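**Student:** Read off the chains here:
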Amino acid sequence: MGLVSRVVEAAGIPTVYVSTGRDLTIQVLPPRSIFLNFPMGNPFGRPEDVDMQREILVHALNHAVAAKTAGEMLDLPYEWDERIQTIMELQEGWSASKPDPVTGKQPT
Amino acid sequence: MKPIDYVEAIDEYYQRLGYPAYDWTVNESAPFTALAKPLSECRVSMLTSGGISHRTREPFNPTAKNDLRVDDVDYRSHPDDFDINDAYYDTRDANKDLNVVFPIARLRELAEQGIIGSIAERLWSGFMGRTYNRSAVIEQAAPALVEELQKDEVDLLILVPA
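Protein chains in written order, with this note's numbering: chain B, 31 to 138; chain W, -19 to 142.
Only chain B is shown next, with the shape it has when bound in the complex (with noise of 0.2 Å):
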């Protein structure tokens, strides 16, 4: 998406990402990029919370207006309330945690 996000510009039409992903997106280098540290799937935040979504969009948006230079990426200072987990991670725990296919019993 990081080369999606260039071609676009490149071609003349402004672009603005919005980052879950610091270090993958610096390598990429999109032309803008806001960074929420919060998982990746949930750059706008939490189901439900529709100021927090709005507020996150309207700062993707200012920051379309605001960086001057390429490449510049804005840090938003929200947190996460929990540890945050890569999906490789999550999917370990996951296929722990599920039944033994055989016998029907939950690992112990």
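Hints in this document: simulated from the structure, not taken from any laboratory.
Quantities reported herein were computed from a predicted structural model and do not represent experimental measurements.
Note that the Cβ used here is the ideal one computed from N, Cα and C, for glycine as well.
Every clue listed holds true.
Facing chain B, according to a computed beta carbon distance under 7 Å, are these residues of chain W, among others:
1. Tyr(-14)
2. Trp4
3. Asn7
4. Tyr68
5. Tyr69
6. Lys76
7. Asp77
8. Asn79
9. Ala122
10. Val126
11. Leu129
12. Val134
13. Leu136
14. Val140
Given chain B, work out where chain W should sit, using these hints.
**Tutor:** Frame of chain B; chain W shown alone:
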């Protein structure tokens, strides 16, 4: 907590599975196009890579690799009318409320309130999964999307990777 080091986590994961190391794209500079109008006059579109498809369309393949499919999405769609199929992030919250990853309802409110000028006729969902064929993105799929954005006279594109 400190931001997760995803590069390290993914490198370790690939190594553990015996996959070849992921060949990361590292750019030192970026293109830049200044916004030509105030936000209140801009037509805004939005692109998600979250494996999000309207229920009238085929679902995405959750473990897709090099899937260059890009769907147009009617900005008037109801957030509950989508399927989410993506094995590369935790989709539980997005399934409860699409706006956590693709805030179409919030974007509509901002247009109604005049914060942005308007929403483009078409929003976009695509480029999901893992992409190894970068030249296909840079030379074909992304330029094809640019043409559609130009048809819709888009002034600003919000990209939301997931």
